[in-house]
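Peer 1: On the provided structure of chain V, position chain F as indicated by the hints.
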Amino acid sequence: MSDLLDQLTTLAPDLLEQTGITLWLVVASLLFGGVGGLVVGTTLTVTRRGAILAQPVVYGILNALVNTIRPIPFIIFLVALQPLARAVIGKGIGNEAIIFVMSLAATFGIARIVEQNLVTVDPGVIEAARSTGASPWRIVFTVILAEGAGPLILGYTFAIIALIDMSAVAGMAGGQGLGNYAVAYGLRQFDEVVTWSALVIIIVVTQVVQGLGNWLARRVLRR
Amino acid sequence: MTHIRITEVSKTYPPQRRGGAPVTAVDAVSLEIDKGDVFGVIGYSGAGKSTLVRLINGLEPVTAGSIEVDGVDVTTLSEAKLRQVRQGIGMIFQRFNLLRSRTIRGNVAYPLEVAGIPRAQRAARVDELLEFVGLSEKADAYPEQLSGGQQQRVGIARALAASPAILLADEATSALDPETTDEVLDLLARVNRELGVTIVVITHEMDVITRIANKVAVMEGGRVVEQGSTYDVFTSPRTDTARRFVRTVVRALPDGDALAALRAQHRGRFFTIAFTDAGASEARVFGALARAGLDFQLVHGGVDDIQGRVYGLLTIVVRGDDEAIATALDGIGSGVTITEVTA
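In order, the protein sequences belong to chains V and F.
Counting in the working numbering, the first sequence runs from 9 upward without gaps.
Counting in the working numbering, the second sequence runs from 47 upward without gaps.
Honestly, I wouldn't trust all of these hints.
[Said to hold, decoys possible] Dumping the calculated SDA-like pairs for lysine to any residue here, alpha-carbon to alpha-carbon at most 25 Å:
(1) F:184 <-> V:226
(2) F:127 <-> V:61
(3) F:81 <-> F:211
(4) F:81 <-> F:233
(5) F:184 <-> V:143
(6) F:184 <-> V:150
(7) F:127 <-> V:149
(8) F:127 <-> V:131
(9) F:127 <-> V:63
(10) F:127 <-> V:55
(11) F:127 <-> V:218
(12) F:184 <-> V:55
(13) F:127 <-> V:57
(14) F:184 <-> V:225
(15) F:127 <-> V:62
(16) F:127 <-> V:58
(17) F:81 <-> F:209
(18) F:184 <-> V:154
(19) F:127 <-> V:135
(20) V:99 <-> V:25
(21) F:184 <-> V:132
(22) F:127 <-> V:146
(23) F:127 <-> V:145
(24) F:184 <-> V:230
(25) F:184 <-> V:158
(26) F:184 <-> V:229
(27) F:127 <-> V:59
(28) F:81 <-> F:290
(29) F:184 <-> V:130
(30) F:127 <-> V:144
(31) F:127 <-> V:150
(32) F:127 <-> V:132
(33) F:127 <-> F:58
To be clear, the hints were calculated from the coordinates, so they are not data collected in a lab.
Everything numeric in this text was worked out from a predicted model, so none of it was measured.
Just chain V, with the same shape it has in the complex (with noise of 0.2 Å):
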């Protein structure tokens, strides 16, 4: 039990600053992809067919896009990406690529959460909207996103635990992270308590993620 104690309190700064590592990659892409998300999403909620911007066009292209890009398992589409990452940032592999490539999957992952609870809101509510003489960009932002928000708030809680999913699988583009970390010191060098610390801890994370959702959100739904 003491040897425990002392493998984690030797443990202790590296687990910290891998932790402090996933994090920045979770909120980073979650900043880029969330607000990338947001755009798509709504975009394709306001342009489908009967919609109050409908552009059966735009909603095809951007619908389609979605659809291919989504489905990408991330190890892939991680590896797939490097040129363009090289291209856009300057390099292909490290935390920057990383967030860049995160952000881009969740730009599309997100927009697809989006788009599914905006479609909820009431469409009565947005006739109303429309019935005072309201424009459809003042209908976005005052009824549709506002009408959103509770659910909004809980696709986005699920959104940060699928980057922190996917933060995991950085060091295959040479990332840091509590991912890396498990792996490359964890299951590669056979320490058990390494890989369970790097869990516990994001168990740990995900559990105040969902919490703060969670929270949030009833209290925007005010149940």
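Peer 2: Then chain F, alone, in the frame of chain V:
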């Protein structure tokens, strides 16, 4: 003075599926709605009345025909111009359609924000409106904390916020129980009376029409099959559809099984008495029969108040000498129509 003039308006939806038939929801409808009218449009679901009302404020474009609001043909306006027109036409809905993300105050303020009214003036106007609909104390509540009737009153306050001259009510009481229906209808009548707002009421309930509408159009299959003053349509409906609606409020003429059952119970001749005049009442009819020494009994019917005028439709059974009956009935006079039930 004509407020809304609907001329030969049609609305056809493209087929739902490739190769399907297009659906004509509104078929060559013409209506004239005067300033200050409470104009009822009644029909069963699918009759096209909800579509018709959405053509007035351009929520849906017409396929053919024209709709003039205050002399301006709204069917030719650009979307931007149409939005301006909509600011002058309030609308309320069956399911209230309040913003759940906003308080009552926020909901009522919405059209004012759209109209670009400064914040301070908005607050004052919202207070005034909530006062008018009697919900001042609910200003900071959220829609789900209110009853259906209260939510509809908020809907009315919101619809009136930008001081519209027209209010469109789409099945506004259909989701409410009878008591709250009364409450909302009273409020609509007040809106019409005190604010002079022209109201177009869409409903499938004849009771709503007789309570507040001075004119009515009956719709079926996208067409207006009958229209006129509520009293006239109610007291002398010309179409089967109108008759069916009238029958939902007055226990009018017994038919089929009901009549057979009555005949089995009562011997004698059956007459229906319709009185459509302020001077006439059942007392005059009963008095005449009694003076003639005839034995009679009221077996079916009722008396209603439509737009402040009395309307009764009674079925009686009379026993006695045919000649005495004829003399007695002849002496009753005007304002009363008596017909023998022969079926």
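Peer 1: Against each hint, give a clear statement of whether it holds in the structure.
Peer 2: How the hints compare with the structure:
no.	hint	result
1	F:184 <-> V:226	22 Å, holds
2	F:127 <-> V:61	17 Å, holds
3	F:81 <-> F:211	9 Å, holds
4	F:81 <-> F:233	18 Å, holds
5	F:184 <-> V:143	28 Å, violated
6	F:184 <-> V:150	22 Å, holds
7	F:127 <-> V:149	21 Å, holds
8	F:127 <-> V:131	23 Å, holds
9	F:127 <-> V:63	21 Å, holds
10	F:127 <-> V:55	22 Å, holds
11	F:127 <-> V:218	47 Å, violated
12	F:184 <-> V:55	37 Å, violated
13	F:127 <-> V:57	23 Å, holds
14	F:184 <-> V:225	24 Å, holds
15	F:127 <-> V:62	19 Å, holds
16	F:127 <-> V:58	21 Å, holds
17	F:81 <-> F:209	15 Å, holds
18	F:184 <-> V:154	21 Å, holds
19	F:127 <-> V:135	17 Å, holds
20	V:99 <-> V:25	22 Å, holds
21	F:184 <-> V:132	23 Å, holds
22	F:127 <-> V:146	16 Å, holds
23	F:127 <-> V:145	16 Å, holds
24	F:184 <-> V:230	17 Å, holds
25	F:184 <-> V:158	23 Å, holds
26	F:184 <-> V:229	19 Å, holds
27	F:127 <-> V:59	20 Å, holds
28	F:81 <-> F:290	29 Å, violated
29	F:184 <-> V:130	23 Å, holds
30	F:127 <-> V:144	14 Å, holds
31	F:127 <-> V:150	21 Å, holds
32	F:127 <-> V:132	22 Å, holds
33	F:127 <-> F:58	23 Å, holds
In the structure shown, a violation is registered for the earlier hints numbered 5, 11, 12 and 28, in ascending order.
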